[in-house]
Amino acid sequence: MKLEVQDKEDKLFVKIGGQLLYSEADHFKEEVLPKIGQHSIVTLDCEDLQFIDSAGTGAIVRLWKECRMVGAELELIKVIPEVQKLLHLTRLHQLARVTGIDDAA
Amino acid sequence: MKQDEGKSTNTESSKLNDMQSCTSEVYRLQKQLETERKAAANKEKILNQSLQESNQMSAHLQQMTHSLAKERKDALEKSGSERLLWKLIERINSTFDLEHILQATVDELGHYFKVSRCGIIIPNYSSNKDLVREFASGEWKRKKETYSQVSLSALYKIVTDTLKPLIINDTITHEITSGHLSEDLRSILMAPLIQHNNELVGVVYLHQCRNQRSWTEHELQILQSAANPIATAVEKSKLFNKAKSWASREKLLNRLTSRIRGTLNINVILERTVAELGQALQASRCFINTIDHKTNREKISHEYCANKTKPLGVGKENPLIINKITEKNDESISITDIRNEPRLARLNEKEVEHLYKIGTRGYLAVPITFQRNSFGWLCFHQCDVPRNWTSEEISFIQSVASQVGVAINQAEMVGKLTEYQTKLSRELKQAAQLQSILLSAGSDTSKNLSIAVSYHPHHNVSGDFYWISELAPHKIGILIGDVSGKGPAAALLTGYIIGEMKSLLENQDTSWHPEAFLTALSNSIYEQNQYSDFYATAWYGIYDLIEGKITCSNAGHPSPVIIHDDTIGKISDDPGVPLGLLSVQDAAGDYTIKEFPFKVGDRMFIFTDGLTEQRQLDGKFVPENWINEVLKSHAKYKLTELPEMLIKQLNIYSKGATQDDDRLVVAVEMPEINIMKFDNDNQDYLNTKIKVILDDAISNGLPKNMEPGLKLGLVETLYNSFRHGLGKVPAEGGSASGGKDKNTIVTLAWWIKNNSISFTIKDPGPGFNWQSKIKNIKKIKEVDTLEEGGRGLPLLFEIFNKVVWNPDGNEIGLTMLW
Numbered sequence: 001m002k003l004e005v006q007d008k009e010d011k012l013f014v015k016i017g018g019q020l021l022y023s024e025a026d027h028f029k030e031e032v033l034p035k036i037g038q039h040s041i042v043t044l045d046c047e048d049l050q051f052i053d054s055a056g057t058g059a060i061v062r063l064w065k066e067c068r069m070v071g072a073e074l075e076l077i078k079v080i081p082e083v084q085k086l087l088h089l090t091r092l093h094q095l096a097r098v099t100g101i102d103d104a105a
Numbered sequence: 106m107k108q109d110e111g112k113s114t115n116t117e118s119s120k121l122n123d124m125q126s127c128t129s130e131v132y133r134l135q136k137q138l139e140t141e142r143k144a145a146a147n148k149e150k151i152l153n154q155s156l157q158e159s160n161q162m163s164a165h166l167q168q169m170t171h172s173l174a175k176e177r178k179d180a181l182e183k184s185g186s187e188r189l190l191w192k193l194i195e196r197i198n199s200t201f202d203l204e205h206i207l208q209a210t211v212d213e214l215g216h217y218f219k220v221s222r223c224g225i226i227i228p229n230y231s232s233n234k235d236l237v238r239e240f241a242s243g244e245w246k247r248k249k250e251t252y253s254q255v256s257l258s259a260l261y262k263i264v265t266d267t268l269k270p271l272i273i274n275d276t277i278t279h280e281i282t283s284g285h286l287s288e289d290l291r292s293i294l295m296a297p298l299i300q301h302n303n304e305l306v307g308v309v310y311l312h313q314c315r316n317q318r319s320w321t322e323h324e325l326q327i328l329q330s331a332a333n334p335i336a337t338a339v340e341k342s343k344l345f346n347k348a349k350s351w352a353s354r355e356k357l358l359n360r361l362t363s364r365i366r367g368t369l370n371i372n373v374i375l376e377r378t379v380a381e382l383g384q385a386l387q388a389s390r391c392f393i394n395t396i397d398h399k400t401n402r403e404k405i406s407h408e409y410c411a412n413k414t415k416p417l418g419v420g421k422e423n424p425l426i427i428n429k430i431t432e433k434n435d436e437s438i439s440i441t442d443i444r445n446e447p448r449l450a451r452l453n454e455k456e457v458e459h460l461y462k463i464g465t466r467g468y469l470a471v472p473i474t475f476q477r478n479s480f481g482w483l484c485f486h487q488c489d490v491p492r493n494w495t496s497e498e499i500s501f502i503q504s505v506a507s508q509v510g511v512a513i514n515q516a517e518m519v520g521k522l523t524e525y526q527t528k529l530s531r532e533l534k535q536a537a538q539l540q541s542i543l544l545s546a547g548s549d550t551s552k553n554l555s556i557a558v559s560y561h562p563h564h565n566v567s568g569d570f571y572w573i574s575e576l577a578p579h580k581i582g583i584l585i586g587d588v589s590g591k592g593p594a595a596a597l598l599t600g601y602i603i604g605e606m607k608s609l610l611e612n613q614d615t616s617w618h619p620e621a622f623l624t625a626l627s628n629s630i631y632e633q634n635q636y637s638d639f640y641a642t643a644w645y646g647i648y649d650l651i652e653g654k655i656t657c658s659n660a661g662h663p664s665p666v667i668i669h670d671d672t673i674g675k676i677s678d679d680p681g682v683p684l685g686l687l688s689v690q691d692a693a694g695d696y697t698i699k700e701f702p703f704k705v706g707d708r709m710f711i712f713t714d715g716l717t718e719q720r721q722l723d724g725k726f727v728p729e730n731w732i733n734e735v736l737k738s739h740a741k742y743k744l745t746e747l748p749e750m751l752i753k754q755l756n757i758y759s760k761g762a763t764q765d766d767d768r769l770v771v772a773v774e775m776p777e778i779n780i781m782k783f784d785n786d787n788q789d790y791l792n793t794k795i796k797v798i799l800d801d802a803i804s805n806g807l808p809k810n811m812e813p814g815l816k817l818g819l820v821e822t823l824y825n826s827f828r829h830g831l832g833k834v835p836a837e838g839g840s841a842s843g844g845k846d847k848n849t850i851v852t853l854a855w856w857i858k859n860n861s862i863s864f865t866i867k868d869p870g871p872g873f874n875w876q877s878k879i880k881n882i883k884k885i886k887e888v889d890t891l892e893e894g895g896r897g898l899p900l901l902f903e904i905f906n907k908v909v910w911n912p913d914g915n916e917i918g919l920t921m922l923w
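Chains as they are written, first to last, in our numbering: chain A, 1 to 105; chain B, 106 to 923.
Simulated from the structure, these hints should not be mistaken for lab results. Treat the hints loosely; a few may be bogus.
As the list claims (entries may be wrong) - Which residues of chain B face chain A? A few of them, derived with a C-beta cut under 8 Å, are:
1) Gln788
2) Asn810
3) Pro813
Unchecked claim - Derived pair list, reagent style SDA-like, types lysine to any residue, alpha-carbon separation capped at 20 Å:
4) A/Lys85 to B/Thr278
5) A/Lys65 to B/Gly895
6) A/Lys85 to A/Gln50
7) A/Lys85 to B/Ser677
8) B/Lys704 to B/Ser677
What the hints assert, rightly or not - Distance ranges between label pairs, derived from CB positions:
9) A/Asp48 to B/His739: 27 to 37 Å
10) B/Lys782 to A/Asp48: 49 to 59 Å
11) B/Ser551 to A/Lys65: 25 to 35 Å
12) A/Leu3 to B/Lys654: 45 to 55 Å
13) B/Lys907 to A/Asp48: 26 to 36 Å
14) B/Lys654 to A/Asp48: 42 to 52 Å
15) B/Ile803 to A/Val5: 28 to 38 Å
16) A/Glu4 to B/Lys743: 54 to 64 Å
17) B/Lys654 to A/Lys65: 47 to 57 Å
18) B/Lys782 to A/Glu4: 34 to 44 Å
Quick caveat, the model's predicted, so the values are computed rather than measured. Note that the Cβ used here is the ideal one computed from N, Cα and C, for glycine as well.
Given these sequences and hints, build the entire structure.
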C-alpha cells in the first residue's frame, strides 16, 4: 500500500495506492487519522487503489467516523470499477461520497 | 222194367188167340199196375216228408248262416278298432314330441272314423296359447286360425266342464247347436282326454260334414278307448318336455353361474344372460333394471328383445312401477295380464298408463339381491298375450337372479378394486415421482469427484437408493442402500430413510463420520420398524480429494469394487449388520470405519445386490467375479460409460433371464486437482498466487465483473487462515508463525467446472467454532455500516453461493457460480 497525504488548508488530500488489506489497515489508520484536524473535506484519491478487503473497509469506516467528529466530509474519488464494486458490496458508498475514475475524467 | 213190358207185349201178339191168357195177363198187369201205383204213392209220401224235412233244414241253415255272418261282422269290427288302438298307441308312444303325438292322433282317428275332420285340443293355461291339431279330408280343411278357436266354443266348454263326451248326431236339430252352426257341419262327436287322476288333458273331436251321421255306441266306445292312451301320451310328453326344459334351464343356470364366476367382464355376461334367458323362456323382453344407490334411480342396464318387440332402450331411465303393487320390495312380482290385474289399483293413472305404453301383458320381475343388498330387478315382458308365469319358471329365474346378484356384486367389487388399483397405481406413480424428486437432490453427479450412475428400478417405486452429498468441495459423501423387499412398502421405507438420511447429512456429527451416520440411521429405522420386518443395507463412504483417500462404513451391503494401482478387488470394508435390525445398544460399535487410499485415476464401483444376486435362466446365480472380469476387460472405457456397460454385461451373464431386482451402480474416479500451498501471508506472494487462480477462472469463463468479489473472498479467507490458523499453531522448532514446516502451510485446492469454481482452504490450526459464529450471522446489507469490523464472514456468504466448514473449523469450502 502506498500512501500520500497532503494537508491543504481545510482540505486533507490522501492518495492511496496498491491494496488496502488486513495487513495494511492498521498502518493506514495510523498514518491518516492523526492528520485529520480542522478540515471541511477529506478526499481519498483511490485512482491507484487496486483492491480493498473487509479490514480495509473497516479502516475507511473509521476514517469516516473521525471526519464526522470534526465536521469534515469524506469523499472517495477516482475509484476504479473493481474497487467501486467492493465498496458497494460493503455499502461504504452510503457513508462517503464515492465517485468513479470515469466520473472524474 | 220198361224192357220187361216190351218183351210180354211181343209174346201176347204172337199168341193172339189165346184170349184168356190175354185177359188174365191184363188182370195181372192191372194188379201189377195197382201195386206199382201204391208203391209210387208211398214213394211220393216219403218224398214229401223228405222235402218238408229238407225245407226245415234249409231254414235252420239259413238262420245259422245269418248268425255266422253277424258274428263275422262283429269280429271284423272289433279287430278293426283293436287294430286302430294298437296302431295309435304304437305311434303316440314312439315319441315324446307332443306335436307328433297330436298329429298321429288326428291322422289315425280321422282315417279310422272316415270323418270330415278330426281334431285335438291341448289347452295351455300358462301361455293361453292352446295347442290344436286338426285332420280334415278334402274340402273340409280349415285354416289354423279357424280351428285354433275351437277351444273358445261352447261345445268345448261343455265337454271340459262335464268331462263327458258330447254326441251330436244332427247339428240342425240338436238343441245346443240348432241355428248356431253352419249347415255343413252335421254331426259332432267330442270326447274329453282325461288322465288317471281325472285331470283334463284336452279334447278330441270328430266332425261329419254335409251328411248327417248317427254316432254308434261302438264308435263312442272306440273314441273313449283311444282317449286314455292319448291322454297318457300327451301327459308323458308334457312331463318329458318339462324335464327337458328343467334340465336345459339347469344347464343354462350352470352355464350362467360358471360364466359369472369365470369372468369379470360383467357387461358381456349380463348381456348374454338376458339374451339366453329371454330365448329360453320365450319372453318378448328380458332386461335388467339396475338401481343407482346414490340417486335411487332405476335404469335398464341390459336388454334382450324378441323379434318385432320394440326395445325399451339400454341406459334409459326405467322406473319398475309394478313393485309398488306389493308391500315388500324383495319379492318376485308376477303378473299374468297387466290388463286384468286388480293390484294395479294401487298405482296412479300415469303409472298404469306407462305400463300399458310399454306394451306388455305378462310381467315378471325378480329382485336381484346379494347379501341383503338390492341391485335391481331381472324382468320379463310377455307382449301381446297374457302369460301365467309358472312357479318353476319363477323359481328358475330367482336362481338366475341370485347369480346375477353375485355377478353385479362381484363386478362392483372388481370396479372398486380396479378403482383402488388405478388410484394405487396413480399414487405409486406419484410416489415414484416423489421418490425420484426426493432422490434427485442426491443424484446430482456434478461434483469435483468424477461420478457416473446407472439405475434400473425393477418396479415403479424402487427399494434401491443412492445419495451423493458434497460435504465440502473436496469431500464427497456417497450413500448407497437397498431396502429389503420391493414395491410400495420398500419404497415407503426408502422414503423414510431418505428423510432421515437428509437430516443426518445436515448434521456434521454424522455426515462426516460414516460409522456414526450408519449407526444413527440404523437406530432411526429400528425405532420405526417395530411393527414390520423391513431392513436395509447401506454403504456410506466419504471421498477426500485432497488427502486422496476414502473413509467408509458398511451395513450389510455388498462391498464396493476398487481399481487401485491397476488391481481390481473388493474393498475389505468389514460389513456390519443391516440397518434397522439391531438397536444402538445391540449394535454398539458394530459399524467400523475403514480407510482406503484413493489416488488420482483410481476407480471405485458401488452397487446393490441386483448386480450380484441376479439369476441366470437355469436358476443359478451369475458368477461372483463377473464384475471384476468386466471391469478388467473394459479398463479403457470412460468412467461415464462403465455403469451402463456393467448392466449390459449383466444381461449377457444372466443369459437373458429377466431382471430380478433393482439394479444400481455408482462409479467414481479420483480426478486430478489443483492444489496450492501458502506458507506466508506476504501481500505480493498472496497476490501472485491468487492471480493464478483468477486467471484460471477467467480463462474458464468467470465473468470479469465477478473477479473482484472472488479475489476479495479468497483474500478474506486466506487472511483468516493465516490469522487464526498459523498464528496459533505451535510450529515445530519453536517458531510461532511463518515457519516452513508442514504444520504452517495453508493448502488451497480449487476446481472449475460447469460455470462454477470451488475451493477448499485448509489450515493446520485448531479451527474455530464456526457453528456458533454463523448462528446469528447477518447479511452484509444488515451489517451496520458504521461498524469497523464484522464484515468478513458476511462478505463470504455474500460473495460465494456456498460456504462450508469442516466440523473442526480449520477447513473451509467455498463455491461460486456464474
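Hints, verified against the model:
Proximity of B/Gln788 to chain A holds as hinted, the smallest CB-CB distance being about 6 Å (cut-off 8 Å). Of the supplied interface hints, the one on B/Asn810 holds, with its beta-carbon coming within about 7 Å of a beta-carbon of chain A, less than 8 Å. The interface hint given for B/Pro813 is met, as the beta carbon of that residue sits about 4 Å from the closest beta carbon of chain A, less than 8 Å. For the hint pairing A/Lys85 with B/Thr278, the CA-to-CA distance comes to about 141 Å; that exceeds 20 Å, so the pair is violated.
Taken as a hint, the A/Lys65 and B/Gly895 pair is honoured in the structure, with Cα atoms around 16 Å apart against an allowance of 20 Å. Our distance criterion of 20 Å between C-alpha atoms is met by A/Lys85 and A/Gln50, whose separation comes to about 12 Å. Proposed proximity of A/Lys85 and B/Ser677 is contradicted: the alpha carbons are some 53 Å apart, above 20 Å. This hinted pair checks out: B/Lys704 and B/Ser677 have alpha carbons roughly 17 Å apart, not beyond 20 Å.
Taking 27 to 37 Å as the suggested C-beta distance range, the pair A/Asp48 and B/His739 does not conform, at roughly 59 Å. In this structure the supplied range 49 to 59 Å is violated for B/Lys782 paired with A/Asp48, their Cβ-Cβ distance being about 31 Å. The hinted range of 25 to 35 Å is not satisfied by B/Ser551 and A/Lys65, whose Cβ atoms lie roughly 46 Å apart. For A/Leu3 and B/Lys654, the Cβ-Cβ distance of about 48 Å falls inside the hinted range of 45 to 55 Å, so the restraint holds.
Distance hint for B/Lys907 and A/Asp48: a CB-CB separation of about 34 Å, consistent with the stated range 26 to 36 Å. The hinted range of 42 to 52 Å is satisfied by B/Lys654 and A/Asp48, whose Cβ atoms lie roughly 47 Å apart. At about 35 Å, the beta-carbon gap between B/Ile803 and A/Val5 stays in the expected band of 28 to 38 Å. The hinted range of 54 to 64 Å is satisfied by A/Glu4 and B/Lys743, whose Cβ atoms lie roughly 59 Å apart.
A hinted range of 47 to 57 Å holds for the C-beta pair B/Lys654 and A/Lys65, which are about 51 Å apart. Taking the beta carbon of each, B/Lys782 and A/Glu4 are about 36 Å apart, inside 34 to 44 Å as hinted.
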